[in-house]
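Taken in order, these protein sequences are the chains called A and B. Using this note's numbering, you'd call the opening residue of the first sequence number 3 and step up by one each time. Using this note's numbering, you'd call the opening residue of the second sequence number 3 and step up by one each time.
Honestly, the hints are just simulated from the structure, not real lab data. Since the model is a prediction, treat every value here as computed from it, not as a measurement. For every residue, glycine included, the Cβ atom is placed at its ideal position computed from N, Cα and C. Be a bit skeptical, because a hint or two may be false.
Looking from chain A toward chain B, a few residues come up when the C-beta cut is under 10 Å (computed) [as the list claims (entries may be wrong)]:
id: 1; residue: Ala29
id: 2; residue: Cys30
id: 3; residue: Gly33
id: 4; residue: Pro46
id: 5; residue: Ala50
id: 6; residue: Leu111
id: 7; residue: Pro115
id: 8; residue: Gly117
id: 9; residue: Asn118
id: 10; residue: Tyr119
id: 11; residue: Arg120
2 protein chains.
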Amino acid sequence: MTSISKRKLGFARERDLARLFWRKGFACIRGPASGAKAKRIIYPDLVAMKNGKIFVIEVKTREKRETIYIERLKIERLIEFSKRAGGQAFLAVKYMDGSGWRFIPIEKLETTPAGNYRLTPETVAREGLTLNDLASIASNTVSLDKFIRI
Amino acid sequence: MTSISKRKLGFARERDLARLFWRKGFACIRGPASGAKAKRIIYPDLVAMKNGKIFVIEVKTREKRETIYIERLKIERLIEFSKRAGGQAFLAVKYMDGSGWRFIPIEKLETTPAGNYRLTPETVAREGLTLNDLASIASNTVSLDKFIRI
Numbered sequence: 003m004t005s006i007s008k009r010k011l012g013f014a015r016e017r018d019l020a021r022l023f024w025r026k027g028f029a030c031i032r033g034p035a036s037g038a039k040a041k042r043i044i045y046p047d048l049v050a051m052k053n054g055k056i057f058v059i060e061v062k063t064r065e066k067r068e069t070i071y072i073e074r075l076k077i078e079r080l081i082e083f084s085k086r087a088g089g090q091a092f093l094a095v096k097y098m099d100g101s102g103w104r105f106i107p108i109e110k111l112e113t114t115p116a117g118n119y120r121l122t123p124e125t126v127a128r129e130g131l132t133l134n135d136l137a138s139i140a141s142n143t144v145s146l147d148k149f150i151r152i
Numbered sequence: 003m004t005s006i007s008k009r010k011l012g013f014a015r016e017r018d019l020a021r022l023f024w025r026k027g028f029a030c031i032r033g034p035a036s037g038a039k040a041k042r043i044i045y046p047d048l049v050a051m052k053n054g055k056i057f058v059i060e061v062k063t064r065e066k067r068e069t070i071y072i073e074r075l076k077i078e079r080l081i082e083f084s085k086r087a088g089g090q091a092f093l094a095v096k097y098m099d100g101s102g103w104r105f106i107p108i109e110k111l112e113t114t115p116a117g118n119y120r121l122t123p124e125t126v127a128r129e130g131l132t133l134n135d136l137a138s139i140a141s142n143t144v145s146l147d148k149f150i151r152i
């Protein structure tokens, strides 16, 4: 796949996720496509909000179950944005083999020896929250602490 | 001015406002440029967040001090988004004659006989909050109720 069609595919999947959030009663906004001008400010892929709860989200999709590597700067920016907002940062992961979206609190990422971040399929399976979990947290029926035990 | 360069100018001004929010310690995200695909979901121009407070914003700039008309659907969507998020909706207005940004709670808009909305320069001057006001509200040092008395 060319890098342009890969990018388009990425955007289409972000849009799909935004629609799922919308259907669950969230307000959801996608950041502008990153260009030179937009890059001066930090933007996450997606921000989903409900009942005053703010979920700051970086989206990652993979064709098969493999370890996902994320550069340090990206995670640091996600944390910075989320801290400013008073929200919680997640990686939204979808393996395109039929499994659904899973939301991994960034506290659960592992660091690599070079100082970047990595997320294994095992961590996704063990620590990943579902969209319904996020909706429950937003409705205050479940606390996020139930999921994040570090 | 052509409609394309007008649009570009509008985006540039939204970016400027996003930067101002950022400098005041907010997290801020601009919606994607509206195209056919993006339009299926409701997006405000800008969402600014701080300390768990969510400000949902439609941006309007004018070259001179004149009454601004906004179609009903746009305001209804802004309200819907803000309700889902658990936030507060504002119109951000800037007259390009040297005055700064003013934020008008949408509760302050007047309706037109045709069911749309209108915002006069007088209302902007009387009811408009400053960026510092919004920062104070987000830091809980001032309540929004101080500003919204309907």
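When the least beta-carbon distance from A/Ala50 to chain B is tested against 10 Å, hint result: holds (9 Å)
Given hint A/Gly117 near chain B, where the shortest CB pair must fall under 10 Å: With a minimum Cβ separation of about 24 Å from chain B (threshold 10 Å), the hint on A/Gly117 is violated.
Satisfaction of the A/Gly33 interface hint, Cβ to chain B closer than 10 Å: Hint holds; A/Gly33 Cβ to chain B Cβ min 6 Å, cut 10 Å.
Would you check whether A/Arg120 satisfies its interface hint, that is, whether its CB is within less than 10 Å of any CB in chain B? violated (25 Å)
For the hint on A/Ala29, does the least C-beta distance to chain B fall short of 10 Å? Status holds, d = 4 Å.
Satisfaction of the A/Tyr119 interface hint, Cβ to chain B closer than 10 Å: violated (20 Å)
Holds or violated: is the Cβ of A/Pro46 closer than 10 Å to a Cβ in chain B? holds (7 Å)
Interface hint check: A/Pro115, Cβ to nearest Cβ on chain B, cutoff 10 Å. Holds or violated? violated (31 Å)
Minimum beta-carbon distance criterion (10 Å), A/Leu111 to chain B: violated (20 Å)
Taking the least C-beta to C-beta distance, is A/Cys30 closer than 10 Å to chain B? holds (7 Å)
Using Cβ atoms only, decide whether A/Asn118 comes closer than 10 Å to chain B, and label the hint accordingly. Not OK, violated: A/Asn118 not within 10 Å of chain B, min 23 Å.
Going through the hint list in order, the structure does not satisfy hints 6, 7, 8, 9, 10, 11.
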